[in-house]
Amino acid sequence: MLTDAVRFIRSHDDILLIAHVSPDGDTLGSSFALYGALSAAGKRLQIVCEDAVPGIYGFLPFSDKLIPPGQARPAEAVICVDCADVARTGRCEPLFRAAKETLNIDHHGTNDNYADFNYVKKAAATGELIYRLLTELKVPVSRDVAACLYAAISTDTGNFSYSNTTPDTLRVTAELLDAGIDLPDLSRRLFRTVPFKKLKLQALAVDKAKLYENGRIGIAYVTLDEIASCGAKAEDTEGIIDVIRDIDSVEIAVFLRESEDGTVRASLRGKTCADVSEIATRYRGGGHRLAAGCTLRPPVEDAAETMLAAAKEQLKKDCG
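Our numbering puts the sequence shown at residues 1 to 320.
Any given hint might turn out to be false.
Dumping the calculated EDC-like pairs for lysine to aspartate or glutamate here, alpha-carbon to alpha-carbon at most 20 Å [to be verified]: (1) LYS208 <-> ASP178; (2) LYS43 <-> ASP112; (3) LYS271 <-> GLU235; (4) LYS208 <-> GLU175; (5) LYS197 <-> GLU235; (6) LYS317 <-> GLU213; (7) LYS312 <-> ASP302; (8) LYS121 <-> GLU136; (9) LYS121 <-> GLU278; (10) LYS312 <-> ASP246; (11) LYS317 <-> GLU305.
No lab work stands behind these hints, which were simulated from the structure alone.
All chains, full assembly: derive it from the sequences and hints.
This is the structure we're talking about:
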């Protein structure tokens, strides 16, 4: 509950924030916003994540404050930000376990309230919940903090085009505009700037994509060697899943990539009727009805077959 989150933050001065593995705009923007706002209020903050900040988000205020788990010191209080389950904390989990008290702030419907205190609520993005929390704490939302929250909310709503966008989402965003954010600059950096290596990787993935069930399921995958062949990094795979989903006939999209930790990471998207979070939870993942993810065992070809079988089953169940 929001009141629990308020009490948690008021009662702790040494706080460690955990962003989820393969960090996206929501987990990072929300974490950076909390860092900036609570640091200004006199709290001692750390932000940790198993993975580095992707280049596209490197311009955000406070992005230089993120450190790997090996460089973090144990803190009395830990807040998991946008982590649907403990597994999403990755190698930061020991820091979570070592804390005296833990708080879970998240908007995913599959979240199982794994912390001592849980502010888990349906919202367009965790950034929306962070804004409500800062407002309740009466902590000023500076222009830099507002920019981070805008990144969190806009990226998780597909630049306000997804079905999770609500009137409340737009009201919060209006408040961020009032805080003085540079909307054209943020929009250009977040949605209109693409490295050439990322475009090459997208082209490779789309060329490999295959359609099944009369085009209603789209699946693509890339290997580590293929990522390297484009001069790209794992972070450059972000967005490929949306390209597969946007194929006109596709209802369920799946994108898989080999990870340097030896696993296969899968992203899933539904378009209208399929609940892809049900697929993800079968494989210790989670997310939302139309956007979810999970981790599977290699090889990636076998993982793709596993996802195809699950997608066929889900398509029949939800969409007929």
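Status of the hints after comparison with the structure:
1. LYS208 <-> ASP178: violated, 45 Å
2. LYS43 <-> ASP112: Roughly 28 Å between the alpha carbons, so the hint for LYS43 and ASP112 is violated.
3. LYS271 <-> GLU235: violated, 23 Å
4. LYS208 <-> GLU175: violated, 43 Å
5. LYS197 <-> GLU235: With Cα atoms ~11 Å apart, LYS197 and GLU235 stay inside 20 Å; holds.
6. LYS317 <-> GLU213: holds, 14 Å
7. LYS312 <-> ASP302: Roughly 15 Å separates the two Cα atoms, so the pair holds.
8. LYS121 <-> GLU136: holds, 15 Å
9. LYS121 <-> GLU278: holds, 19 Å
10. LYS312 <-> ASP246: Holds. LYS312 to ASP246 sits at ~18 Å (cutoff 20 Å).
11. LYS317 <-> GLU305: holds, 19 Å
Hints 1, 2, 3 and 4, counting from the list given before, are not met by this structure.
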